[in-house]
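Q: Below are the chains, spelled out letter by letter.
Protein chains: 2
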Amino acid sequence: MAEHRGVRKRPFILLGVACAVVGLVLGILIGFFAIPKSGTPWSAALTREGDPSVPARLQRELNPDNIRENLRTLTARPHIAGKEMDLGVARLIRDRWLEYGFDSARLVPYDVLLAYPSRDPNRLSRVSLLESDGTVVAESQQQEAGVNDPEAEPPFNAYSASGDVQGDLVYVNFARAEDFQTLVQGLGVDATGKICIARYGKIFRGNKAKLASQFGCAGLILYSDPEQCAVAGWAVWPDGWMMPSTGVQRGNVKDAKWKGDSLTPFYPANEYAYRLDEQDANHPTIPVHPISYGVAVEILRNMAGPEAPVDWQGGLDITYHLGPGYTGPASSRTVRLVVNQDREVRTTYNVIGTIRGAVEPDRYVIVGNHHDAWVYGSVDASSGTAVMLELGRALGKLKAEGWRPRRTIVFGSWGAEEQGIIGSAEFVEDHIRNLQERTVAYLNCDSAAAGNFSIAMSASPLLHSLIREAAKKVPDPHEPSKNLYDTWRLKRPEEEGNPDTRPKIGRLGSGSDFTPFFQHAGIAALDMWNDIDTASFGFGYPLYHSGYETFDLQDRFIDPDWTVHQSVGRLWGEMAVTLADALVLPLDVRDYAAALQKMTDELRDEHGARLAAQNIGLEHLESAIAKFTRATTTFRQSLGDVDKLNPLAVRAVNDRLMKLEGAFIDPLGLPDRPWFRHVVFAPSSVNTYAGQSFPGLADALLDIDNVNPADQATRWELVRKQLAVTTFTVESAANTLVNNLF
Amino acid sequence: MAEHRGVRKRPFILLGVACAVVGLVLGILIGFFAIPKSGTPWSAALTREGDPSVPARLQRELNPDNIRENLRTLTARPHIAGKEMDLGVARLIRDRWLEYGFDSARLVPYDVLLAYPSRDPNRLSRVSLLESDGTVVAESQQQEAGVNDPEAEPPFNAYSASGDVQGDLVYVNFARAEDFQTLVQGLGVDATGKICIARYGKIFRGNKAKLASQFGCAGLILYSDPEQCAVAGWAVWPDGWMMPSTGVQRGNVKDAKWKGDSLTPFYPANEYAYRLDEQDANHPTIPVHPISYGVAVEILRNMAGPEAPVDWQGGLDITYHLGPGYTGPASSRTVRLVVNQDREVRTTYNVIGTIRGAVEPDRYVIVGNHHDAWVYGSVDASSGTAVMLELGRALGKLKAEGWRPRRTIVFGSWGAEEQGIIGSAEFVEDHIRNLQERTVAYLNCDSAAAGNFSIAMSASPLLHSLIREAAKKVPDPHEPSKNLYDTWRLKRPEEEGNPDTRPKIGRLGSGSDFTPFFQHAGIAALDMWNDIDTASFGFGYPLYHSGYETFDLQDRFIDPDWTVHQSVGRLWGEMAVTLADALVLPLDVRDYAAALQKMTDELRDEHGARLAAQNIGLEHLESAIAKFTRATTTFRQSLGDVDKLNPLAVRAVNDRLMKLEGAFIDPLGLPDRPWFRHVVFAPSSVNTYAGQSFPGLADALLDIDNVNPADQATRWELVRKQLAVTTFTVESAANTLVNNLF
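Residue numbers (the UniProt record's numbering), protein chains in the order written: chain S, 1 to 742; chain F, 1 to 742.
Derived from the structure by calculation, the hints contain no laboratory data. Nothing here was measured: the structure is a model prediction, and the numbers come from that model. Please note that a few of the clues may not be correct.
Since copy identity is lost for identical chains, a pair holds within one copy or between any two.
Stated by the list, open to error - Heads up, simulated SDA-like pairs for lysine to any residue below, C-alpha to C-alpha not over 25 Å straight-line:
| id | residue 1 | residue 2 |
| --- | --- | --- |
| 1 | K257 | P667 |
| 2 | K399 | A652 |
| 3 | K721 | D280 |
| 4 | K399 | N739 |
| 5 | K644 | R48 |
| 6 | K721 | P667 |
| 7 | K721 | E278 |
| 8 | K644 | N740 |
| 9 | K482 | S536 |
| 10 | K397 | L741 |
| 11 | K721 | P674 |
| 12 | K257 | P674 |
| 13 | K627 | R275 |
| 14 | K472 | D705 |
With the hints as constraints, model all of the structure from the sequences given.
A: As structure tokens, then:
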């Protein structure tokens, strides 16, 4: 029995054990692999890569017809900053974002100094050509022909001094420093006390106004010369997109040492802000007024004095003379320049919308554009606004379908950009602590379509790689079988004339709302637009800041099928979603090293001998650049070793990536313009539009050989100091990438 | 058969299934609960609270005998900054840290301007009382009696101007602004061109030197009056710890607008630094020299002029007169002040050591102390160094036993603190980007034991709660059955005379190495020490900066059983480890709100009526404070809701906590002293040692009723501006705590 039982029981036991073992193993496998631990419900989301289908779905969603309708709505009426129509646009944007399903959208007001032309019939701004008895020979118009909306302000140069000056005219070409030097020293014409006339172009008009004032002009007339806006053989508006003789470029003429509200540098223009006296705001001290070439030709005709040099001859059918005054039967004529502007502190509204991040809501990817315009703004900047609205709608749709970005996407629609980048600057000044701490990048698009030739781009080196990769994923607006990257580099190659190089990405100067983010706060930024073939034409889109920037301009000439706008939206969205969703931020620090090396080479080429003559070597700067380069290489290698399943390790490298740009900020700012604090890039001090590398050094070295001897030693001391500051800043930035620094 | 088999098989199957099910369930349980997922090996460590046994083990490990031996070694020789002996101390510290098992320890050099007294027999600094024929009546000594080490520098006031002046003496009490005003306006004594003599005390000596210069003195003699250093009935050194008649307080007399190297404000003093000319470095412009009261009594005796006011009478056994000059048989005597100092750029070394964090190596808890001393420095600051070495050893032991902190602990042993907080300031300037980004807090201990009466503490409000909780865990050095918190609040209660209140924690001024971290970089900081009963005595430890700060002073009088030192180490270690290991940082933002409210009340009490008379209201500031208070309450509540199992959510709240202090930094700095950038706390501009709340406002309001009328409007404008800046900064700081700001 015992044996029998034994014999009979053994298989039972064996079977039971075997089944139990199989069950156990199976159970362990199931328990371990198949059931997520409730203790770590976040682990998957925290370490997940972005869904690669999202950007593709976003691209498909962006609809040209919607953009067209957006622009038609936005440009229905003029919407200058600080007035009711612009507030209406801001409200429309807020309402749309809420309708699209944004998590928040609100108007954010700032009280800033704005300037408008007087509409008092007795105080109208104008330029007149007068006989000695006061008879008017020619006079500028109060409005461009065909611009009939009563809300359209007459052409003016905002923040000009008001005044009434009369006298002899002098022609000063583009009113650049070199033009004035040529005029005074080379050509022997004294501009002191004269009314100067300059053509628009080459540099920012605010720089022209300051130079005219520095060279003693009593007033400055700005006009659009056909050479810069109406090339022979091309139809002018309304038959084409060139500038007609009646068109006038508006624009502000501030050359302040800061952007944003004139009265509240560094701090937001809120209800308790401390406001400067207006005379401390660096506004022009002379009257400045813009006119059309139809009026300019009458005023420039019959001028006395030497013939202007060949390269000063513009596109009008006259021989340009320098003046002063007139010759022959016209010799008793004078020019009168009257400017009356009213300045007042008024409210401008930013619109801020958000789609909150699911995993890292405290990290922001910001897309921005301004909603104000000089008149209708169908290019500047409502073309960008029309695209931004459609981008918002598409992202809202993705969100409704279940997607939410890893990081927060912030939409900024800025007010009063045209008056000096005011709304965005006040916003940055107001929230600078949070923005510097939390922002991954700022992606600006002002004029989405100023032309249809090619995309154009300026950016921080940190974003170059992101831009290139995104462009490879977006179809060309004209040849959808090709991608934007390939058509772009054909039209605008990095190395001039060599389409085998990468597409050209420029350096950020100023001129749009990226400025406060990049130059003041040290946030990686880009600015993109489509343009005409500026390299061939030698100028940007001709109807710039005129009343002819209408819906029809886009619909008939620039982008009749609206695919240029669409492609901007696709590129913008591709970049925004990639930055918002990527586990490891797609910022390539090696491009910064390459950019710094190139800039140092340029510095050495331009100033090396001059510096050596003063016993100033570049070896410490070069050593800092080399250190930076090594740090980027090491950092890049270490990125490959990061445990992507460890959210803190990923966050740590992302923090270093996104804060590298901020490491180039010197809190003391640049000499003589401390609001600009980026040591590597600033707007050129001779042309606000252009980007200047190593600006502290460049300004100290600017024309140093021609400085008067008494000041030269001071300037060389400044060069020495700025070289040390630049070197230290580059080295500091390198250190932010180093592990275990201490 | 079939049936038979069937009958026979069923139990087999049932058993097998049963065993399999049991096994499966067991397996699932094991697989789910008992085996950590290899895909998330980090999850436990990333979300684990610090081991509560660690601080307790650390406290037990700190050994008084080791601290005693450390101090004996450190004080064996004089070790003034920039000389070989101090480099030896620095090397010793580095070697010890490496020996203790730190992950790194290295010397970090800076080349800074240091000042030493000339040792040339023909150029010795001195104060002499002379007869008209040149006979010396009394003269200061080149060394304090009993100080015999040839490496001990003669007493001097570093960065005094060199010079040789002779003339009439004037007594100026403590050389405070109010003393000079009383002297000149109330008492009618002209200090212009006179050699002034002032007693040490009340304010920082650098402020005295600047005021003496501003009031036209030709030179300044500083002496230690017995009233401030040798109370009757207490034995003087070497029989006690009061100051003997031969002792002299050394110390620098810089009142620069920045701390750190005189020549390189804002930037590190490295090999390529741009250095100011010495005349731009804000050094005193007159000779300044310190003497003992044994010499001072001879010089003050027989002075002419009115009797000094009662509260100007010091502790010497004479009647103090104001001068100028002498009376009676002494009337032809004069005083000669000779100062010869050599300044040179020399290398000072910081020692930086680290114990790297296991989970967040990019977050730093920094403990710091300086290693240089005027002579032996047995109090200042080697007592702190002795403790820091023992703390390092104990942490190294814990590490050897398997512990590693969550965050990195950085040890900083600073050079050249005595010459103007130089080593730490250069380090902060050098690494400010990483330090601002990564530092949780800076915990300073300079003189661990200047007395044995009680612990003393100054700190950012953010650290108050941490300090109080830590003090509750440390036994009192004299009554181990009580905790430090209870004995401390008995001796130094928050509310004077009320031991039921919490212990008093002061506001940070300047005076040690926390200054660059807190005032310049905006890193939460504290400073702690033990002191004599300063409230009763009316002064700090008497042998301060004299050659009598020796090992014996500690071993015989201040801390014979070394438990005061030990308790400092325990408190320091408790706080450091808590900050380094806590999952959620133990920083309480509500204490900041309370502090701001208190400061605003003080501001209103002191200046409300004066402000109202100028139509300046405090309502916006009060509204910002209220907003800040609400933000801290909401933030504190939200801390309770944070998913502690989500490492990114925890990191996000920790980032806000640790960066709140930095939100009070204004990059533009305070008016007239932009290196000081904390808007809420700064060293008082009339006494560098003291902490001033809302310093921009306070400076603008300082003595404003007595400013000459021409400047008064300017000062009121400054008040308006600083009120706006202060309000904005508080509001900005509140915003850094707000979720979903946009």
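Q: Indicate, hint by hint, whether the structure satisfies it.
A: Do the hints match the structure? See the list:
1. K257 with P667: Close inside one copy (15 Å) and across copies (17 Å); limit 25 Å.
2. K399 with A652: Close across copies (24 Å), not inside one copy (28 Å); limit 25 Å.
3. K721 with D280: between (27 Å within a copy, 15 Å between copies)
4. K399 with N739: Between copies only: 21 Å across chains, 38 Å inside a chain, cut-off 25 Å.
5. K644 with R48: Both: 9 Å inside a copy, 19 Å across copies.
6. K721 with P667: Intra 15 Å, inter 20 Å, cutoff 25 Å: intra and inter.
7. K721 with E278: Close across copies (15 Å), not inside one copy (32 Å); limit 25 Å.
8. K644 with N740: within (20 Å within a copy, 27 Å between copies)
9. K482 with S536: within (23 Å within a copy, 86 Å between copies)
10. K397 with L741: Between copies, since 24 Å is at most 25 Å while 46 Å is not.
11. K721 with P674: both (15 Å within a copy, 18 Å between copies)
12. K257 with P674: both (8 Å within a copy, 19 Å between copies)
13. K627 with R275: Classified as between; 23 Å across copies, 43 Å inside a copy.
14. K472 with D705: Neither way: K472 and D705 sit 46 Å apart in one copy and 69 Å across, limit 25 Å.
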